[in-house]
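Following the hints, put chain B in place on chain A, whose structure we already have.
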Amino acid sequence: MLPPIFGVLFDGIAYGMLLFVLSVGLSVTLGLMNFVNLAHCAFAMVGGYVTVTLVNTYNWPFIATLPVAFIVTALISVVFERVFYRRLYRASDLDQVLLTIGLAFVSVAVAAYFFGTLQQPIPTPAFLRGSQQVLGLGLGNYRIFLIVTALIVTVLVVAGLEYTRFGAMVRAAVDNQRMASGLGINVDATFAITFAIGSGLAGLGGALAIEIVGLDPSFSFTYLVYVLIVVAVGGLGSIAGSFIAAMLIGISDIAGKYYFPELGAFLIYLVMIAVLLWKPSGLFGKR
Amino acid sequence: MVDSMADALLSLADVRAGYGDAAVLHGVSLDVPKSGSIALLGRNGVGKSTLLLTIMGYTQLRSGTVSWQGQNISRMSPHLRARSGIGWVAQEREIFPSLNVEENLTTTARAGAAGAHWTLDSIYRMFPRLKERRGNMGNQLSGGEQQMLAIARALMTNPSVLLLDEPLEGLAPVIVEELIDAIKLMLSDKRLAIVLVEQHTEIALELTTDAVVLERGTVAWRGRSQDLRNDTATLDRLVGLRVEPDA
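From first to last, the protein sequence lines are chains A and B.
The C-terminal residue of the first sequence carries number 287 in my numbering, and the numbering is unbroken.
The C-terminal residue of the second sequence carries number 534 in my numbering, and the numbering is unbroken.
Hints should not be assumed to be uniformly reliable.
[Claimed, not checked] Restraint ranges, calculated between C-beta atoms of paired labels, are given here:
no.: 1; chain 1: A; residue 1: 156; chain 2: B; residue 2: 347; range: 39 to 45 Å
no.: 2; chain 1: B; residue 1: 408; chain 2: A; residue 2: 214; range: 57 to 63 Å
no.: 3; chain 1: A; residue 1: 82; chain 2: B; residue 2: 398; range: 27 to 33 Å
[Unchecked claim] Sample of chain A residues with no beta-carbon within 10 Å of chain B, all distances over it, derived:
no.: 4; residue: 8
no.: 5; residue: 52
no.: 6; residue: 79
no.: 7; residue: 109
no.: 8; residue: 112
no.: 9; residue: 126
no.: 10; residue: 134
no.: 11; residue: 140
no.: 12; residue: 155
no.: 13; residue: 183
no.: 14; residue: 266
no.: 15; residue: 267
It should be emphasised that the hints constitute simulated quantities derived from the structure, not laboratory data.
C-beta: ideal position from N, C-alpha, C; glycine also.
Chain A on its own, in the form it takes in the complex (with noise of 0.2 Å):
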């Protein structure tokens, strides 16, 4: 029999697992690219109400959505990289803070217009409900998918970063875009279907999240905050950085909630402050 720590732990775990796959697409957006994309939220909203919607309006199974809410945030998101975002790559980080936060502020009005500001439950496959019984703590089913998916996701990532061609292509054109361009690597394509990628993956968080964090308008700017300590506690553009920052986060966020409810949620933001004095530039950053 485990103490009841071990199940606080698992929850924090899943916490976690949740908290990387929604910020490791602007992990690289922000670390890699330089490119300050404060509607990454908004973006895991889309995947969000793409799964509300297919779910409850056209009875797919939950699962059969998840790959749709990728596909389809990916596909809005490079609408607005090709749009808004390629015009101010060379811009100040202040220009790209005001468009991108303009376009959060965008985001809520707009879920708020069609979906209503009340929260949008799902009803869960039969599957993920319940919980396994695992040396005396019961661990629910929804939570253990949940860390099953964000280790496929990692793997993928990290093994498209280190040992695909165009995981190359984009670390070189990371490493010098003029070089890269100048040995024919398109840098501009490389960096638009990069950064479709990781908000496909935070559209699949965001789809993913329904179940633990519920969904409505203003998560494109709740989760903002979580991804954002994730990015900067873990390290400008390293995936193992944000790994790392999204399970302590998680971690501190269930187990603060739990072991001292009167300091609740402020516990990651110590936890925060704590590892930023120890190491400003994040747990794995290089700058």
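Frame of chain A, contents of chain B only:
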């Protein structure tokens, strides 16, 4: 140089170019024939690197044209110029630090107009040291290894012309010898033209058939490399006396 423009692989006609408001090149014309070899000489700051960057499309072209195989490429983006067969070896080598040696070679590799003459095998035969180092990251190499990798990386795109920007700068004599042999090998099978910017004037003139000397953004002298080697007065006036390495 060449008799008519039509024979030129790469051709610059009255090119004026620079960065922002600063003009560096004030009307440069240059023809690179197929499998030709041109030494681009001149003192520091006369615009040699700028000329190569203009061929690649990284400067602001104010007037004049850059033509490649008879086509005006003045407005073509750099990655398309690279894909059409222009290979560029930058002065600072600019190896990708996040890629290992083999990834630096393969990530941008492609078959050129004349097929895939340069492959990992032929590159590793020419630079066995790169094979030994193939798992090392780009930032874990000596200066000489970086230069070999920079040249090899450009060759792996199977270009029709290779623009070399001071490939021998700051390297030990033994490495310089190795690179000279490599450049001779590249030129020997007549698949490749080179434009060689180099401060080691003697070596550059030995490796090439033709020479162009720039002064203050214009062409001050052009002719056979052989003639310039023997013309000490012109060399003194336009290039300056240099201490050659013991080559």
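Evaluated hints:
1. A:156 with B:347: 39 to 45 Å: At 42 Å between Cβs, range holds.
2. B:408 with A:214: 57 to 63 Å: holds (58 Å)
3. A:82 with B:398: 27 to 33 Å: The hint (27 to 33 Å, Cβ to Cβ) holds, given that residue 82 (chain A) and residue 398 (chain B) are roughly 30 Å apart.
4. 8: At about 38 Å from chain B, residue 8 (chain A) clears the 10 Å cut-off, so the statement holds.
5. 52: Check passes; 39 Å lies beyond 10 Å.
6. 79: holds (22 Å)
7. 109: holds (38 Å)
8. 112: Label holds. Min Cβ-Cβ 42 Å, cutoff 10 Å.
9. 126: Label holds. Min Cβ-Cβ 46 Å, cutoff 10 Å.
10. 134: holds (40 Å)
11. 140: holds (39 Å)
12. 155: Check passes; 20 Å lies beyond 10 Å.
13. 183: It is violated; residue 183 (chain A) is separated from chain B by about 4 Å at its closest Cβ, not greater than 10 Å.
14. 266: Since the minimum Cβ distance to chain B is about 37 Å, residue 266 (chain A) lies beyond 10 Å and the statement holds.
15. 267: Non-interface label stands for residue 267 (chain A): nearest chain B Cβ at 35 Å, farther than 10 Å.
In this structure, only the earlier hint numbered 13 is contradicted, and the remaining ones agree with it.
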